[in-house]
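Undergrad: Given only the sequences and the hints, what does the whole structure look like? Please build it.
Residues per chain, in single letters:
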Amino acid sequence: MKAKLFSYNYEDTFVHRLSGFTKLICFLLLTFAVMFSYDIRVILGVLIFSAVLLKISKIRWSQIKLMVLYVLIFLVINALITFLFMPEQGVEIYGTRHPIVKLFGPYTLTQEQLFYQTTKFFKYSSVIPLGIIFLLTTNPTEFASSLNRVGVHYKAAYAFSLTLRYFPDIQRVYHDISQAQQARGLEMSGKAKIGERFKNSLMIVIPLIFSTLDRIEVITNAMDLRGFGKGKRRTWYTRAKMVQADFVAIAVSVVIFAITVLVSTFINHGRFYNPFI
Amino acid sequence: MPMTQTTPIIEFDHFTFQYYSQAEPTLVDINLKIYPGEKILIVGPSGSGKSTLGHCLNGLIPFYYKGSSQGSLKIKGKETKDLDIFQLSKIIGTVLQDSDGQFVGLTVGEDIAFAMENDCVQHDEMHERVARVAKMVGMDHLQTASPYELSGGQKQRTSLAGVLIDNVDVLLFDEPLANLDPATGKIAIEIIDDIHKELKKTVLIIEHRLEDVLHREVDRVIVINDGRILADMNAHELVCSDVLVKNGIREPLYVTAMKYAGITLKPEMKPGHIWSLDTGTCNEALRRWNRSVVPPAPLVAAPSILKIQNLNFSYDGVRPILHNIDFEVREGEMISIVGKNGAGKTTLSKIMCGFEKEDSGAVLYKGQNIAPKSIKERAEFIGVVMQNPNQMISKNLIFDEVALGLRLRGVEEKEITTRVEKVLEICGLAPFIEWPISALSYGQKKRVTIASILVLNPQILILDEPTAGQDYRHYTEIMEFLREINKTGITVILITHDMHLMLEYTPRAIVLSGGEMIADAAASVVLTDQHIIAEANLKETSLFHLAQLAGIPDGTQFVQNFIDYEREVGK
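Residue numbers (the working numbering), protein chains in the order written: chain A, 1 to 277; chain B, 1 to 571.
If you are wondering where the hints come from, they were derived from the structure by calculation, not from laboratory data. Incorrect hints may appear among the rest.
[Claimed, not checked] If you want a taste of the chain B side facing chain A, the calculated C-beta under 7 Å gives, among others: (1) Phe114; (2) Met386; (3) Arg409; (4) Val411.
All C-beta atoms in this analysis are idealised placements derived from N, C-alpha and C, irrespective of residue type, glycine included.
TA: Below, the structure written as structure tokens:
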């Protein structure tokens, strides 16, 4: 069976044992840290840190391969577009201009631009492992209960967690429908033209939507019949108690966040680290 | 049992209900009193109004499904009009038919706690109450298990615990057997009965599988059709009457067999349950009938059309899903592949169609190994129909849906028209050719999906649970249709755990268990062999018990005689 995108698996690791709330807080702190800073040293630090966490939480490559691939494609396209539209952005930021090679038309590759874009690339890519860890090590209801705890309405939080939870099922149904439609002659491989393939994928998506709507009706009824949505608040069965490990994890994240801010304020005197002066 | 001095817990008084989306009322002038502690079975075919009745009780009407009502419906003396779904859910606990779909929590404990979470019960109290109720239904050792690790029976127990947590007065089961295999269904009925006896709750079971519910005692059976109550009597009186046959509800098989033997059933014989039946007065008649059945002439062996040879398959290369499967299907046969969930039935069908590729062994079509053929190429001789028609239909109009496979193959539009029209004719869908699919019933949709496969002229048709969740009338409609298709020479392979289907339509069954083929035998053998029954989550057919009661030593032969007789009568 193909590995499922976004599917939560329980493993007994340090990261899995942390409460969902802790993980959400840590995720937010670390994400803010790298989003705030344009200092490649800090960013690489966080990247290495999150890679270690990925290792600790025993997430297998096969689980995240597809997701990582899509993100990389997105990042590469993003980098190309940035260069096309703002080739001198780096020069503007760092205030110096060290050309490397003249390309074509008005485009010149500069050390500043290269440095700026590399920083940006790593900045985004360091968020990915963090997101993956949070998604794959937090069970969907705990996910919902922690969202609820940071102020998201419980209905929205629950809807989000149900979506996550049914994602693997929907993928399975998609796979089944796709096979059945291929048996009827649908060409989904590279042999078909792009336009053709788009039209063909509709033949899978339409039945998928209808069969998913059936399921939604069942789960909605089941939830209504057991009183979901009657009060302004609700409690959570799986709200894990905060233990020492949780406080340690939050403390570490706070420290990393603080370092980032301090480095920016006192060493770089701004969000950018400038090696050119 | 109702006593004159007690007041009913549920009271319908000239109650009529009409959905806004319907032209006619779905429930008409219902008068019904249900007393505390009673166990009531409500039967009726699809569309009879029995589910609507349930929805009126639990509040889904009018909370989720809108409509207008007249007359009065009182629960615990209060008009339901004055209560909302949340108040009603504290009196009536509903267990829905889909034990997977209604699993809201991620673990057993969490699912049981769901209603308390919504009541803002504090964390510690919640855990304490969950532990207590889990123990009540025998799930205390599985509180942290996820639904994927549970058997069908355990899921039912969990759903039950989820409503018992509120200490409701009434338990309402909406088609509890619909998605369960025979063995699990039997367990579910036993669980319901045990809870009823222990906790003295009022129990309402809405179901069309009468014989399965009557595995345990019920106080009254209420028959509904066309929105009206047609009978309100005990099980013994009911099976003696003609209400069941007239309203498209399948009577218990042993009752059918007794009628075949020319026996007139009387309530004194206690024929409501196979275990209460006294055949003392009619044993001779049964034995005489058993001797009188003439076995049909043996069929001339047709040439092989599909051969599965030493087939092995595994998804991950470690855990085998199919191990050394080996059998042959002959041209024009209609066979079933049975086995419990996870036995490998669906995987086997996927390999035949080329959706998955075997690790070793081969699939031979008319003696030729089809390993090199693609999914699309195989579809021209092996067609597969999925269980849920909604998972196949992608067009608005019937014609376009059926034509899809031909259009994708680049067949000329003129030829498409002739072929589609011919197939729709065969499938009895010709009058609907211009119709949108959304206007069709479930059974008709099923036909559309079968037609859309038949149009490619396959020689073999594989159907996954073609009758799942269908009432007797739709079941008969679909199966008779398949029999017609089969008579035109198409080989039909059915993946199923419906025991009636095996008995009535497929002379031969392949039984899988844990990826191994444990039997390739006549349906009468499969349904009477204790070992196979246990391995495949089936249930012994009541015909076998009947043979035992009548002192007929060869029960398997008795079942075979029943099948042969029925086929002869059915012709």
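Undergrad: Against each hint, give a clear statement of whether it holds in the structure.
TA: Verification of the hints:
About 5 Å separates the beta-carbon of Phe114/B from the nearest beta-carbon of chain A, less than 7 Å, and the hint is met. Taken as an interface hint, Met386/B checks out: its beta carbon lies about 5 Å from the nearest beta carbon of chain A, inside 7 Å. Residue-level restraint check for Arg409/B holds (minimum Cβ-Cβ distance to chain A is 5 Å; threshold 7 Å). With its C-beta approaching chain A no nearer than about 10 Å, Val411/B sits outside the 7 Å limit, and its interface hint is violated.
The earlier numbered hint that this structure contradicts is number 4, and it is the only one.
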